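Peer 1: Next come the chains, spelled out residue by residue.
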Amino acid sequence: MSHSTIALCRTPPYGSAIAREGLEAVLTSAAMEQEIDLLFLGDGIFQLLDHQSPEEIGQKSLRRNLLALPMFGIEQVLVCHKSLRDRTITLDQVQIPGVEVKTIREPGTLIAAYHCVLSF
Amino acid sequence: MKFSLAVYSAPYSAQSASSALRFARVLLAQGHEIYRVFFYCDGVQNGNSLTAPPQDETDLIAQWQELQRRYHLDLVICIAAAQRRGVLSEREAKRLEKPAANLADGFELAGLGQLVDAVAHSERLVTFGG
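Protein chains in written order, with the working numbering: chain A, 1 to 120; chain B, 1 to 130.
Since the hints were made in silico from the structure, they are not lab data. One should not assume that every hint holds.
[Said to hold, decoys possible] Facing chain B, a subset of chain A residues (Cβ under 10 angstroms, in silico):
(1) E24
(2) R63
(3) S119
(4) F120
Bear in mind that the values here come from a model prediction, so they are computed numbers and not experimental data. The C-beta atom is built at its ideal place from N, Cα and C for all residues, glycine as well.
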């Protein structure tokens, strides 16, 4: 049986803990050598933006966790094309060094192909 | 079928915490297996033994405990999420030098690896809340 897993990152980086705790689950999964793909969609797109100043609201940077992705063997993340467009964010604003950012036009079809979906 | 549940919401804050319990009950009544229930994010509060709901409201923690005893359920609370939110076992309270422990009987503290393990060993993972 296939055990392919995708994690959906749907929430903005600050304001609630779920984005951070979701990424922690993803990194744990990768550290345990389970294959996991990441799809950023909805307000989850905001997690990818650079130039965040979370210290001004007493938060740790979540982008730092994203920068660790290649160290955990995650070298590609998927980003919903429509979510980018709706927020007038361009692909070059959501880059992570060492990670290929690939846009997805049919997230529903993509998600349906996975055995397990984690949603954060 | 072998299921695991991931619960992200706190009892008495979101309906999804109660839905998780009712879903678990129906699964077991229909003869399905529950490999693990993993409580994460605010869901760790489902294992807080100090919750004291009014008498005319459902005692979710007691009902999880009852289900656990009856079916020997593996109820796992993420230790990192629980520490942040003040759900501590005797051992953790001592180790972190905190004045009290409040992890409810029947629940266990463990790492996020238990969620990854549940994904790998279950035919279905159903998430509540988040």
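Peer 1: Could you run down the list of hints and mark each one as holding or not?
Peer 2: Going down the list of hints, with the structure as the test:
Of the supplied interface hints, the one on A:E24 holds, with its beta-carbon coming within about 6 angstroms of a beta-carbon of chain B, less than 10 angstroms. The closest approach between the C-beta of A:R63 and any C-beta of chain B is roughly 20 angstroms, which is over the 10 angstroms cut-off, so the hint fails. The criterion of a C-beta within 10 angstroms of any C-beta in chain B is met by A:S119, whose closest approach is roughly 6 angstroms, and the hint holds. Given hint, A:F120 at the interface with chain B, holds; its Cβ is 6 angstroms from that chain's nearest Cβ, closer than 10 angstroms.
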